[in-house]
Amino acid sequence: MREVGEGDLEDLAIGAAVLGTGGGGNPYIGKLLAKQAIREHGPVTLVSVDEVPDEAVVVPSAMMGAPTVMVEKLPRGDEIIHAFKALEDYLGRPITHTVSIEAGGLNSTTPFSVAARMGIPLVDCDGMGRAFPEIQMVTATMYGVSATPMALADDKGNTALINTVDNRWTERLARSITIDMGATAMIALYVLTGKQLKEAMVPGTLGLAQELGSLIRQTRAAHGDAVGAILQRLNGFQIFSGKIADVRRRTEAGFAKGEARIEGIDQDAGSVLTIRFQNEHLVAIRDDRIVATVPDLIIVLEADSGEPITTEELRYGFRVAVIVTPCDARWRTPAGLALVGPRFFGYDVDYVPVEERFGSRGAAPATGL
Amino acid sequence: MRIGIDVGGTNTDAVLMQGRQVLAEVKTPTTPDVTAGIVAALRRLVSDSSLEPAQVHAVMIGTTHFTNAVIEAKRLMPTAAVRLGLPATQALPPMVDWPERLTQAIGGHAYLCHGGHEFDGRLISPLDPDELRRVGADIADRGIRTVAISSVFSPVNQELEEQAAEIIQTEVPGVAVSLSHQIGRIGLLERENATIVNACLRDLAVSIVEAFHSALAEVGIRSPVYLSQNDGTLMSVDYAERYPVATFASGPTNSMRGAAFLSGVLDCAVIDVGGTTTDIGVLLHGFPREASIAVEIGQVRTNFRMPDVFSFGLGGGSLVSDQGQLQIGPESVGYELTSKALVFGGDVLTATDLAVAAGLADLGERARVAQVDSRLVEQGVALMQSRIAEAVDRMKTSAQPIPIVIVGGGSILLRDHVPGASEVIKPDHFAVANAIGAAIAQVGGEVDRVFSLDQMSREAALEQARAEAAQKAVAAGAREGTVNVTDVEEVPLAYLPSNATRIRVKAVGELELEAESVARSR
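Order-wise, the sequence lines are chains A and B. Per this note's numbering: the first sequence = residues 47 to 415. Per this note's numbering: the second sequence = residues 69 to 590.
Only chain B is shown next, with the shape it has when bound in the complex (with noise of 0.2 angstroms):
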């Protein structure tokens, strides 16, 4: 059996399931000291479920705290940002487009150091090991205790930055360090930013990790623990602390995940509609799509793996004005709904009022929204299906109609047909895909890396980044056997005669679970 956690803003959610089946489901609020909030979730679910704890072979955690952490700019580390690139990259230097509150929350420190590739592989200039201790003894000198280093092209060759590390780390014992190859793309201020951002939330990282393992001990759990990814697949704790960056966006990515599980389908469109937003993402084969572009991160601009979500201010408590024009939303009564919509007693029109008006949904009392003008009403569901048909029809990446899933609390403003769908599913225990998709995650792996067409065939170059993939996989925790390539994409690079492309290949398989692989070998 499996545990999956969602740590969200306001709730705690969590559940257990056995292969495929939810045995239990539980939503507690979150609490400021993280702990207290899972143990009652976990309390709950093992009171509900009758649930001896060593049954839990793994409990997997899906968390927002490190991208509130960054977002707030609380409770993050001193960092020095080391790039290798002289002579190059000075014009820019790390951390130049930050916003002034987190480049100060994190001390600014920058260094740059000669290194670096070309685009086809030459060195920019050769590493310099005396610079870097000079480097090192500097941010040991001001007592800094990790450290984020990038390198130009280092996506295509990561030799310059494992041994800046090592130089590094003799120099300042005990030193963490992240790498920029390890974590972002081509795009040396987007994946360096990414890099920092990674480096400065190491010590949270540890905190957290230690408040979930307390957790679960004190219900007596002693399973391994996972953490989510924004692509869809778990993390061991050991790696999460290394990278606690891979858990941003990781939200969004879980209630989607859990909202294909539930219905079954692989590729769709999954509509999450809230109280105040409406969050529309497409899955492929079972993962997220990821947005091409650069997303921002409490205005750092990164390009992380990230699930493609399309958001617009449509909810339940999205509140109706028709003031020479018919408008619904952005602005909503939020968490008020439950008083102030029409239907609870209150005195302000809503989504919701109109979708009990219009029969769509039996919520409160129907006979307060009985005097609500017909045309409003008929004209304002319309609206409300027209701009999620619009959106949807925006996410999809083909004009095929594709299966549409609906999860969240607003969904009843939604009627059982949206144009562009082939079918419409609201699958059960919807308030909870969260947990659930942190439950269902696999593991994988992903080569990111410019191939030059001229030494070998496309073919061949597909190929060497698809086994790298599944290597990745593997090392990352999956079962051989199991794993998958999920994701092939390439990008011709402009301008280049050499004829180089970009290929990046995803590959996914199921975790390895030690207590069931020992009873399926039996």
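So here's chain A without its partners, still in its complex pose (with noise of 0.2 angstroms):
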């Protein structure tokens, strides 16, 4: 159990970015909010999985809608109070702890203004151990638990209830209830118990994401190599240094997607890396062939500061290093590449994790596209 201060929230921010692999929203504003509710209502506690009694009742807490209306439209504040009272007026006991639902992007920081204005524990993990673009998308499905019901609520005062019969469903029906309310809601769903979070998350991934932000703060104040610490830290492979050269954007179905041509420098002069993304990166794809996919972690650095740099971002002439991390094992198994896996995303092809591609010296078995 620690307390968190304002302080620590620039380096969480940073590092949320990192583990936002190219999206979960701009960090900026969810840093803002938090920053604003920890000056208001006090530091936050934060405890880790272990410290979670088994009878808990624990409950995620995001932002959903557009980052780019979240950042005209900024929120009233205590919309995640209605949201969690309209929770536990039907579930007839009271919420405990709450806890982040991706600890990557925007995300990563909107529990801690949850936590301060209730005066509730925040709990260190998330769902994910990454961002993902859609609410099924997380580890917790694999246990069979159901994201309803689920409290919608907006800067009006309505709250919305819904109950599904299964996770998609809830990704399809809150993102209606999202544009209506402004393209902008508080959302409260994953009802969970103490036992359930510790099976069910992704631990220890917001210290995580604080400890990255750090890293590169003090690797760069010492004019040290922030991607090799990076790297170092989340057990990754850099898999290209290049330039961008060109990116592509477009809006589909409600998703930011596109992709980025890099062009290689150093040791991979002559050589294309594509990233396509959808919100976040999914695939790379190395002259031809894909050598990195959903859902291990392809994360975009700046090459000389190590700044992560998020897709709206990208733009020509970044010199950047591209690494791929892995995922949290349970992505890996089947159940969890049917919810995120690159054929999820349209990408007919097997994942092969990173060190397999990557893992004895370098030599990388592609995928042929």
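Bear in mind the hints are in silico, worked out from the structure with no lab data behind them. One or more of the hints may lead you astray.
Stated by the list, open to error - Under the rule of at most 27 angstroms between Cα atoms (straight-line distance), these lysine-lysine pairs were calculated in the DSSO-like manner:
1. 131/A <-> 303/A
2. 289/A <-> 464/B
3. 408/B <-> 95/B
4. 244/A <-> 131/A
5. 289/A <-> 303/A
6. 303/A <-> 464/B
Could you use the hints to bring the two separately framed chains together as a complex?
Pasting the structure below:
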């Protein structure tokens, strides 16, 4: 158990952008919301997974909607309290803890403002170990945990409580309600017992995000190799060094889709790496062969500073290091791959773990496209 | 004829131009009271060129006063920030992320009111006139004379900001009002910040404009006066009094535009090598490419229209050290170059010394660098070239080689060849590129809005945006027939199934000069 104050959030937001693998929304607003809530209500108590009693009622909290709207229509602040109250009324018992649904991007910091306002502890874990674009894409889905009952709340005081037959239906209905609420809503979902939390979530990821942020800051201050430091901490592999040559974007079915072409430099000179994204990076293709896919984390870092670059920020000329780090082991099971594997996102290839492709002396067995 | 003036932190530069010709140029030290420095520059310009003040049709001024006032938190007015967005947005009130020093300097008066729009044009809540009257009364009680009004999604619909302004102006007679939709883009906090900064500069803007007028009157010039904006276009002084924030970062813009004019190249990279830093920007159709990410001024996050300039610590005065690893900059002897560098009899090895030793430049006494290790000279020069080449490459918009124009006193560090450049141009008059940039500025109009493509085709939306931008340029003083669309940018909005897209269009045209147009019509 430890207290998290305003000062810790800077590092956390940067580390969350690393785990966001290009998406997850800009952490700036999330960071400000958390800072402001802590300023008004005091520091947040962060507890580790094993400190949570088995009978605890744990509810993840998050912002849902379009990141481009979130920067314009800022929250009222107490939306999440309405969502939590609606859920508590339905459940007939108080919520004891909150938790992050995704450690990557904006929603890594969202639960801090919830914990500060509600005066409940925040558990150091998340539902993905990274960021994904849809509600059902959490490890808890594999354990049969239902996303519903789910509460959504807006700035006007409206709340909606939904019950669905499965977690993909939750995504669908919640997305429609969110749009009516103004393309942004605060949500509370995936009610877990402490016991379920321990088996179904990815532990330690908020602490990890903060550690990554601090690693980048300190390594840079010492003029060290920030990319190398991140690789080491995440047991990752640098798969490419290059310069962004082209970025294409389009909006499709409510997602930011597109691809970035990176021209190789140094040992990768002469090769081209293409990263395709749907909010988050999905696959990396080196000269027509897929060399990395979801659910492993495909992360683009600014080569000199080690700063993570989101897909909105990708621009011609950036010098980048592309690194791939192993995802949580549960994503690699058949059930996990059915939820977030390459085929779910429309790539008809088998998932090959990053360490099998790059593990021994960097020889990369590639998958034909 | 027109006069371009650049009032910088160190020097005030002025040029006299007729058409595309530079008739005279002067450089004088900037003075604390502004007026004296400009008068001195104008006097010299008049005497150098035997100019009749009546022949001057327009004076264009670029200034850093407003930027510096914010950075120093001096001469700022107590300001009220009124935001329309309740019940939303309360979690992050106005000025939430400002440095304490600046918030205190303007009083930190924030009012949250009902109003604002949803992304699709619905109201968040209706405007509450009584609430705004109460806010107005409180503003009047506190003796505040300037108000910044922001409303959620006002770049999509500006009505509520205008209605709120009307109510507050009734309650607080004579109050100065700054509206966020006139100033910034989507991104409430950044746009609101820029609007508040604008509001707190209103008195200073009036007094600076007065100082300009009296300086011109003193030398007998009675022509219209324009100020440079950060996007390379001009604004009238009336507009500048209302929107001083638009002058922010006009310095680098003017220098880049001046470089383009002097070289005749409209699409190029411009390298401005100074004593301590090198600034690199990119011109597209003669206008600086704008930064797409948030820009901080005096630690306030904004989304101003700012040129995308990459700066790094390499200049004529950069220190050279060779302890294990060869390093040039970022430390610099700065303005002391002419006393501290080896070639000028000093004892510090600088980038200029390497350039002289390598034969790139002929400055000071070359014999004084004869004993510098030739391998060090070779490696040092190579390092400088590669750092500049890398920075140019970083700023390019495509992999194609592009022309490069070099200005600034430190440009002697550069060889005539830069990798990635199709040609390298070092134009005449490079020392006053800023003032020339001011003199040749045009007027423009911009549209930046979210369009829903459910109701109209993408082509229709683009056409509507282009037409609006052109109208805005004419309204700002551009001569019809000279207006061109210079920039079109489309950003599809993620997650929105209604297929919304954000379109930014900029149109510019030549300034309608009364005297010149009379001359043409004859």
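Cross-check of the supplied hints:
1. 131/A <-> 303/A: violated, 36 angstroms
2. 289/A <-> 464/B: holds, 11 angstroms
3. 408/B <-> 95/B: holds, 23 angstroms
4. 244/A <-> 131/A: The hint holds at about 24 angstroms.
5. 289/A <-> 303/A: holds, 20 angstroms
6. 303/A <-> 464/B: Status holds; Cα separation ~24 angstroms.
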